[in-house]
Each structure stands twice: as structure tokens, then as C-alpha cells.
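Using the hints, put the two standalone chains together into the complex.
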Amino acid sequence: MNTIKNVIRSGLYGTTLGAAAILLAACAADVVKDPGVAKARAELTDLQSDPRLAGRAPIAIHDADTAVRDAEVPQTDPVVETHLVYIAERRVQIARALAQTKYDEDQRKTLSEQNGQIQLNARTNEANAEKLKNDNLQAQLAALQAKKTDRGMVLTLGDVLFSTGRSDLKPGSVENLDRLVTFLGQAPDRTVRIEGHTDNRGGQDMNQALSQKRADSVALYLTGRGISSNRVTSVGEGYNSPVADNNTDAGRQANRRVEVIIQDPPA
Amino acid sequence: MKTANLSTPILIAAGALALAACATVPLPPNDAFQAADIAISNAENDHAADYAPLEMRTAHEKISAARADAMQTDEVQVAQARPLADEARVEADLASAKAHLGKAEAVNQELQKNNSTLNQEIQRGSGG
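One line per chain: the protein sequences are F and A, in this order.
First residue of the first sequence? That's 5 in the working numbering, and the numbers climb one at a time after it.
First residue of the second sequence? That's 588 in the working numbering, and the numbers climb one at a time after it.
Hints may be right or wrong, so weigh each one.
The calculated DMTMM-like cross-link candidates involving lysine to aspartate or glutamate, where the alpha carbons are at most 20 Å apart (straight line), are [what the hints assert, rightly or not]:
| id | chain 1 | residue 1 | chain 2 | residue 2 |
| --- | --- | --- | --- | --- |
| 1 | A | 690 | F | 163 |
| 2 | A | 690 | F | 110 |
| 3 | F | 135 | A | 697 |
| 4 | A | 700 | F | 110 |
| 5 | F | 113 | A | 697 |
| 6 | F | 174 | F | 163 |
Beyond 12 Å from chain A on every Cβ pair, some chain F residues (computed) [claimed, not checked]:
| id | residue |
| --- | --- |
| 7 | 38 |
| 8 | 87 |
| 9 | 108 |
| 10 | 111 |
| 11 | 123 |
| 12 | 126 |
| 13 | 129 |
| 14 | 140 |
| 15 | 147 |
| 16 | 153 |
| 17 | 157 |
| 18 | 158 |
| 19 | 164 |
| 20 | 185 |
| 21 | 231 |
| 22 | 237 |
Hints in this document: simulated from the structure, not taken from any laboratory.
Computed from a predicted model, the values in this text were never measured in an experiment.
A virtual CB, placed ideally from N, CA and C, is assigned to each residue, including glycine.
If we strip away everything but chain A, and leave its shape as in the complex, we get (with noise of 0.2 Å):
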């Protein structure tokens, strides 16, 4: 009886502690993570790997690396998540910028050597 009006006290304020010590450490960024997956997935509808294989491979590792560090218990590495995931998304930003860029000018090439080859036959037309 006399032992547990003692340990009573000591436990709520060992629970209090506990609680405390869970409150520092910060919620992973979901938000960040969200919008560095819709920026991937957006590039890979793209096919921005065609184009910009490299920012496409950088932004994947990035995001992982995110998540990674967001489970960590170390709270510098935990601070590190929300940077890695907006690099991840800006990274596949720009896979997806390339992509288009990229589709744009094959078009146009291919309307210059149209007119390129068109051009070429009439000369010969008017010379035969």
C-alpha cells in the first residue's frame, strides 16, 4: 500500500517526460513528400528519363534519401528531409522542363528538313 502511493507520482512524471521528449522531435514532411512524388510522377508521364536521364535518376535518389532520413531518431538527419524532398521536386521539375524543351525542338527540326528537302526538289524541278 505504501510502496504504491509512492510509485504513483513517479510514473506520471516519468510518462510527462516521455511525452515531452516525443514532442521535439518534428513530424516527417508529408507535404514535401507529396509534392516531389507528383513532380516525379508528372517527369515519368513525360518521359522526361528520355531527356534528362540524369536529373530524373538524381530526383529518385533524392526523395528515397528523404525518407530515409525522416525515420532517422538523429534530429540533424531528420532536419535534412524537407530540403532533400523540395530538391527532389525541383530536380524532377526540370527532368519534365527538359522533356518538353526537348520534344519541341525535335518537332521543329523536323519542320526545318521539310522545308529544307522541299526546297532542295523545286531547285531541281526548275533545273531538269
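So here's chain F without its partners, still in its complex pose (with noise of 0.2 Å):
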């Protein structure tokens, strides 16, 4: 009795297992292999295997894990595979994204701090720009021999640039105005009042209309080598300010002048 139920039993169990081998073999027939998957696993090993990016988004990236895993998954349902490759391919580029993004913000960081330096080397460079132009500057002025005055620095022309009661300038004598052309050019903020001066010899009306002419002299000089006439301007004082005595023949000489007066810049 026993041994016919054993009988049975082992038949049924043989063919069960046999049942379920077909099954199984069946199953196997029917999977769904989408490319897409093998893809997306492609994608993510690249995303996982890039020093950049790895480790800037851990989360999004095991998400992406998880999801290709599932579309790993054996299917035999062609619409659910698509469905979850689907899923597994955005879910990678998704954390592609993120950590790219990361990345950004981060090198965010060098990039800022690159722009500071860059300002103060700029910021460097132009203050020692302009301390040399400065330096260079103060050295002209100093080679004029201007005196400085409150109404500015005054280059005085002496009576040697003209021959006795003429306005026009002797040649050779104006190495002194050609460095003052120079120091005009640089110093464009710098205007200049050219005043002519007489000695006292002769009326007044003539020596006005010397030293206005002298005054003009120069002031043509000045513009014919390119200094702009809005920022000269001549003048003839007669000899109404002397600075030395009209008794002596020295004292005369000294009055009869032009003096530069270089004005100070706008404040």
C-alpha cells in the first residue's frame, strides 16, 4: 500500500519537475532583450568610472544603479521592459546631470578666485603705471627749472629767445619750450598762461604790444607742436610787474621775459 503511494508519489514529483524544466525553458525563449539596457549600463559605468563626476552624486547615482538593475531584470513582457529601460536611461542622466552641475559650482570656487587675483595684479600693474608716470613727470618738471609759485610752476624765458624789440623766436633757443612740449603732452590735464614782460625803456603802449606779441610767440610754438590752443593762453603785462631793478642794465634784462606759468591741475 505504502510503496504504490510512493510509487505515485515520485511519478507526480518526476513530472512536476519536468513541468516545471519546459517552463522554465520556455521562459527563457521568451525574454525580451532590449539593447537599450545594455546601453544604459554602459552609460552609467562611465558615469561611475569618471574622477570628475563619480563622487558628486552619490544618491542620483545609486538611483540610476538601482534602476538598471531592474531593467536588468529578465522580461517577458515587451512593455514593461521598454517601460523600465525607460526609466534607467533617464535616471542616468539625471545623475550625469547632477554631477556635472556640482562639478560647475565647484570649480565656481577657482574660477572666482582666479578673477581676484587678476583684478589685483590689474590693480598692481596700474598703480606702479602710474607712480612711473608720476616720477617721470616730477623729473621734467624739475629738468624746466620751474620755480613753484602759488600761481602754479613758472618757467621763466629770458630775454636771450628774442633779438632786442622783436617778438619772433631766435632758433636755438628753444630746447627749454621742446621740453616743455613734451611735458604738455603728458600731463594733458596741464594748462599753461604765457605772460610777456618788457623793462621799463619805451612807452607803455609799445611794450604792451611787445610783450603781447612775445607772449604770442610762444604761445605758437606751444600749438604748432601740437599742444591743443584751448589749453594756452598769452598775455602781454607790459611792464607793469617787474621782479628785478629797471635802473641797471642787469635789472632791464631781467624784466624783459616771458614767463610759463604751468597751472596746477584741476583740483
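Spelled out as C-alpha cells, the structure:
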């Protein structure tokens, strides 16, 4: 009785196993192989092996890995497979985008520091250039031998620039004027006031006219060498402002002068 | 009197059958719909349409399709509602991620450009 039961039982068992084997084989044949699965896995691997990105979106990368593994589970329903691949592809793309964003944000710090350094360099360069320029100008002013007064720096051009009673500049007497031109060229904010002066020999009208013409000559020299005329004023003072005693030859020579006042820069 | 006694058990049986039939139609996947709605709303707050217009449009289309499917009587169509809603959600998440990336890259490009411009000005300055 028992042996009969056992035979029946083992027979049934074998049949069940056999049936199960057939079923499994059938499943294996029907499994859908979507190429998107391998593609998604490859893209995820790329991301995970990129040293710049791999550590920068751990949660998103983990989610992507889960989604890819879900897609890698063999499916028989192509609709389900397509859906899982769809999700997996996008989770990988999301992880990559998030990691790249984090990378960019980290880079920003470096870029800001670079920016700060460049600006600092620029300002240092500017300051150095400015100092150099000022030193240069100071040197030029010194070479002009202009005297500092409350009206500005005064460059006195002596009598030697002109022949007696004439207002045209003598050639070869203009070295200091050329230095003045150079200086004015590099200090475009400076203006000049040119004053002609005479000794007290001769009438007021004559001396007024002569002093004006001499001042104009000097002005013309400057504008002729490129100094804008609206930076240059020329006036004749006649014998009204002597600097020396008109009763001596030396004094009168000293009084016969043209003063070029380099006005202080506007405040 | 006799007909009443016969129809009552029939009515009860019919009612039971009807209830059984209702029980086989699944509830709409409201959790999936809500998740998708939130993801789309977040993406819109990020102006994701500027950076990922296709993804945003797809997200909208899929959630609409998901909702429509949930209201069908055909079981196959109803079963599509949840996966579609999930796809709408992931699409919106992707749109958001692209928007953030687009903005981050724009900021960095601006900084790079500033640095280049500054460098150029320094070159010119020292030459002049």
C-alpha cells in the first residue's frame, strides 16, 4: 500500500519537475532583450568611472544603478521591459547632469579666486604705471627748472629767446620750450598761461604790444607742436610786473622775460 | 407574495456579482500622479522649459495620458497609468536637472569670460 503511494508520489514529483523545466525553458526563449539595457549600463559605468563626476552625485548615481538593475531583470512582457529601460536611461542622465552641476559649482570657487587675483594684478600694474608716470613728470618738471609759486610752476624764458625789440623766437633757443611741449603732452590736464614782460624803456603802448606779441610767439610755438590751443593763454603785461630794478642793465634784462605758468591740475 | 420571495435571493446574488466585478478594477495610482505633479511643478519653478523644452512637453503629455488611461474600463489601458505617471515624473526630474546644469554652466562661462577680458586688458595696459 505504502510502496504504491510512494511510486505514485515520486512519479508525480518527476512529472512536476519535468513540467517546471519545460516552463523555464519556455520562459528563457521568450525573454525580451532590449539593447537599451546594455546602453544604460554602459553609460552608468562611464559615469561611475569618471573621476571628476563619480563622487559628486552619490544619491542620484545610486538611484540610477537601481533603475538599471531593475531593467536588467529578464522580462517576458516587452511593454514592461521598454518602460524599465526608459526609466533607467533617464535616471542615468539625471545623475550625470547633477554631478556635472556640482562639478561646475566647485569650479566656481577656483574661477572666483582667479578673478580676484587677476584684478589684484591689474590694480598693482596700474598703480605701478601711474607711479612711473608721475615720477617721470616730476623729473621733467625739475628739468624745466620751473619755480613753484602759488600761481603754479613758473618757467621763465629769458631775453635771449628774442632779438632786441622783436617778437619772433630765435632759432636754437627753444630747448626748454621743447621740454615744455613734451611735458604738456604727457600731462594733458595741465594748462599754461604765457605772460610777456618788458623793462620800462619806451612807452606803455609799445611795451604792451611787444610783450603781447612775445607771449603770442611762445604760444604759437607750443600750439605748432601739437598742444591744443584751448590749453594755452597768452597775455602781455608790459612793464607792470618787474622782477628786478629797471635802473640797471642786468635788472632791465631780467625784466625782459616771458613767464610760462604751468597751472596746477584742477582739484 | 410568492414572486417577492423568489426575486430577493436573485437580487442579492446579482448585487454580490456586481460588487465582485467592481473589485477587479484597480484604483487609480494617485500616489504616482501626485509624485509626477510635484516633479513637474518643481521643474516649472526652475524654468526648465527654457533648458529642456522637449522633456517638459513629454512630461506633460505622459501625465495627461496616464490620467486618461486611469479612467478607462479596459484593464490593459488602466494598467498603463502607473508606468506612464512614473515616466512623466522621471522626465520632469530630468528637465529640472538640465535646467540646473544650464544655469551653472552659464554662470561659469560668464566668470571665464570676465577672466579672459581682464587678462586682455592687462596685456594691453602693459603694452601701452
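Practice task
Mind verifying the non-interface call on residue 185 of chain F? Its CB should be farther than 12 Å from each CB in chain A.
Solution key: holds, 21 Å
Practice task
Mind checking the alpha carbons of residue 690 of chain A and residue 110 of chain F for me, to see if they're no more than 20 Å apart?
Solution key: holds, 14 Å
Problem - Whether residue 157 of chain F stays farther than 12 Å from all C-beta atoms of chain A, as the label says - result: Label holds. Min Cβ-Cβ 27 Å, cutoff 12 Å.
Practice task
Would you check the hint for residue 174 of chain F and residue 163 of chain F, treating anything up to 20 Å between C-alpha atoms as holding?
Solution key: holds, 10 Å
Exercise for the section: Quick one: work out the minimum CB distance from residue 123 of chain F to chain A and report holds if it exceeds 12 Å, violated otherwise. Expected result: violated, 6 Å
Handout entry: Beyond 12 Å from every chain A Cβ - status for residue 111 of chain F
Key = violated, 6 Å
Practice task
Verify that the Cβ of residue 38 of chain F lies farther than 12 Å from every Cβ atom of chain A, and report whether the claim holds or is violated.
Solution key: At roughly 15 Å from the nearest Cβ of chain A, residue 38 of chain F sits farther out than 12 Å, so the non-interface label holds.
Exercise for the section: Report holds if the minimum CB distance from residue 140 of chain F to chain A is greater than 12 Å, and violated otherwise. Expected result: holds, 14 Å
Handout entry: Outside-interface status for residue 158 of chain F - nearest CB in chain A farther than 12 Å
Key = holds, 32 Å
Problem - Non-interface label on residue 164 of chain F, tested against every C-beta of chain A at 12 Å - result: holds, 39 Å
Handout entry: residue 237 of chain F and chain A, when compared Cβ to Cβ, separated by more than 12 Å
Key = Its Cβ never comes within 12 Å of chain A, the nearest being 31 Å, so this holds.
Exercise for the section: Compare the distance between the alpha carbons of residue 135 of chain F and residue 697 of chain A with 20 Å, and conclude whether the hinted pair is satisfied. Expected result: The hint is violated at about 33 Å.
Hints 1, 3, 8, 9, 10, 11, 12, 13 from the list above are not met by this structure, while the remaining hints are.
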